[in-house]
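Protein chains: 2
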Amino acid sequence: MSRTLHLNAFLMGVGHHEAAWRHPGTEPVRLTDVRHYQELARIAERGGLDSVFLADGVALSGDVRHNALGGLEPLTLLAALAAVTDHIGLIATVSTTYHEPFHVARKFASLDHISGGRAGWNIVTSAGEAEARNFGVERPAHATRYARAAEFLEVVTKLWDSWEDGAVLADRAAGRYADAGRIHPIDHAGDHFSVAGPLNTSRSPQGHPLLVQAGSSEDGKEFAARHAEAVFTAQQTLREGQEFYADLKRRLPAHGRRPEDLLVLPGISPIIGSTEREAHALEKELEELLIPAYGLAQLSRMTGLELTEEHLDGPLPDVPAENEGAQSRRRLVVDLARRERLTVRELIARLAGGRGHRVFAGTPEQIADQLQEWFLCGAADGFNIMPPLLPGGLADFVDHVVPELRVRGLFRHEYEGRTLREHYGLPRPPSRYATTRPEPVAVS
Amino acid sequence: MSRTLHLNAFLMGVGHHEAAWRHPGTEPVRLTDVRHYQELARIAERGGLDSVFLADGVALSGDVRHNALGGLEPLTLLAALAAVTDHIGLIATVSTTYHEPFHVARKFASLDHISGGRAGWNIVTSAGEAEARNFGVERPAHATRYARAAEFLEVVTKLWDSWEDGAVLADRAAGRYADAGRIHPIDHAGDHFSVAGPLNTSRSPQGHPLLVQAGSSEDGKEFAARHAEAVFTAQQTLREGQEFYADLKRRLPAHGRRPEDLLVLPGISPIIGSTEREAHALEKELEELLIPAYGLAQLSRMTGLELTEEHLDGPLPDVPAENEGAQSRRRLVVDLARRERLTVRELIARLAGGRGHRVFAGTPEQIADQLQEWFLCGAADGFNIMPPLLPGGLADFVDHVVPELRVRGLFRHEYEGRTLREHYGLPRPPSRYATTRPEPVAVS
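Residue numbers (full-length UniProt numbering), protein chains in the order written: chain A, 1 to 444; chain B, 1 to 444.
To be clear, the hints were calculated from the coordinates, so they are not data collected in a lab.
Among the hints, erroneous ones may be present.
Here are a few chain A residues that face chain B, going by a calculated C-beta distance under 8 Å [said to hold, decoys possible]:
1) Val58
2) Leu60
3) Leu69
4) Val84
5) Thr85
6) Asp86
7) Ile114
8) Thr144
9) Val195
10) Glu276
11) Leu299
12) His413
The C-beta atom is built at its ideal place from N, Cα and C for all residues, glycine as well.
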């Protein structure tokens, strides 16, 4: 099969649109109901999608008065989704700033075992102030967070490698459960971590659960070029998408990697209608359910401005330059406002669908056109699909857009592999500690 | 119903006996196979047991050449078991020494949501040296570990309380998702932790997942008397069991608690046969599969001695007094050896079944007699059942011992509640932050 799309279902509560929970097509009390997420995973699997993906933060951020917040921890949830699915990949976000690498290595190895090789880790470094306050520390500087992330990843992958393939013998007659020569301490001693190893969970089906990254800052792009196997990104226009794609792929050879070793997957929130009129009516309906105070607070947080109702019908004020948090997302928001000369109210509406990710309303064919154009014009290897309403928006995508993509030869008709790495067309890494000595003959 | 037993299935790989993995009744390759544990959970649920329980440590400890080690992380695994069961409680061991309370609070709250109120936390403080080396620290002293554990628990329960019941309104028409006045920062600042809160997962079905504890040192017993709702313990004789039971219950009033607020659950490994002869034959069969080198290493670690093959047929040498690790388990082992005048070889065989927990071989009636005696004579409120072989030993217990206990009026015929707290007959704690002000009328 020639090059085809990779599609993830980015699951977020009852939908990505900020007003999703107010729409009659959702049930906001299902935010903490595992059956809701199991239904979503089954829908995504019915469509042959590569994975379901869960974002995360380690603080209650955003105004809970006006949005459906307070859901489930992703790794725990994905284990419960693994139990009711067979093929779909399971990607969880976990921060390197507020965790210990031993625990993270073990949990992902466990999820990979439990799911038969479907686990992926979206590596984030936690830019938020509120997150730091839940761990009794000052928020570390951007460069410090990325330095810690790089060493964290080194420790985690060493732990994943600490049991070679073939270490488990399970030779009952000889009384040899494992070949201790194939299980290695890692003896890591670095600036941030000192970890003896080995891991106390054996090597998992994928060897390494898949490594995903989403930062778009300079540090983020370098980290991705060095370590990530898939990058989630927010890009508003085809030209920006192409630039980001080319930039990232260009960085790979310096790290001994080929362009196909890293998939670039922009987010898109498809607002789907059987007709254009229906799609735009749904978009408008969601917009009318927005709560201005919530949008103002969100936009204030993104930009570092203090926006009030008085700003709603004017242009976005100038944004201070020094805020060192989520820089790349802030630039995207300012560029969008300036490029399209949006008022603050209009900008809030534009951001409400995807928090800076692209939103596109149209028929299934029009959405397929958009995905195809970005895919063929060097802006994407696939997409993170962010349905405005869940489960309805995901079911619409799977039932109406996926068949159109299949007709065009752009997407698989059924799963060809079992693991997330196989879905993504990525190799299974060997253990860095792999020995080549022959296995001694078992004697009893 | 009058006072009845509480029974947990303590799951450990393919069985609690150290030679389980060598027995033809097990499949050691299933150590990392989620379907194995799902089968066990279903068997336990078929028997109406209170919970399945998973022990844990955060290092590869024990000799992996000779025992089936390297399994799955308990919290991740239990989420996958929640997905295929409806009633059985799910108790995971997590250490307070090498985790952050925010993550632990969130994961247990998530598991409690996912399971509909069936989560329990076995709180341990990680006595091992190898564990400390995976986190770049010196192993903290016993008292330090328990001081940290107490503050850890305070933070976790504050976070569980940070969303009051009723905080989620999901009032679409009024645009009010939650009542922010019922979601509280915890602003904890103590010796070990500084945590702002609130949790970013809403209050879970049980309010607090059940708190379980297993330490039997003086610090451990005080911790249990203050905080725990169930205690797992290793007791070899009825008299020791009675002493421990009375000791623990006696400590409760000083903390404003009643005897029935804390369940005492000794471990027992039942080796079941249709006849006594069958039971003893199975015990003997397992003993013959033991690997002496493994038992010597285990016993050396427990006692702080350096035991070799030369010691096998003599008595246990004197044990140095200073080893400050698992003191209570060491004393138990020494007492057992002295009381029954065991050789080192015999002691190893006795410990191989339950690592210091009681092992009893007999018919279903005889096992029921033992459980009944301890239950009625003030040594137990129930038991942690540790089958020598899994799944077979658990199925035998559920199919042959449980019916006998039911006939005697000692065990439930079916589940009467849905949550683990309901199975244990324990109340659902209110939020410490609960407000009594009336909810304002929603206006749109």
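So, going through the hints one by one against the coordinates:
| no. | hint | verdict |
| --- | --- | --- |
| 1 | Val58 | 6 Å, holds |
| 2 | Leu60 | 4 Å, holds |
| 3 | Leu69 | 7 Å, holds |
| 4 | Val84 | 6 Å, holds |
| 5 | Thr85 | 10 Å, violated |
| 6 | Asp86 | 12 Å, violated |
| 7 | Ile114 | 4 Å, holds |
| 8 | Thr144 | 17 Å, violated |
| 9 | Val195 | 5 Å, holds |
| 10 | Glu276 | 27 Å, violated |
| 11 | Leu299 | 18 Å, violated |
| 12 | His413 | 28 Å, violated |
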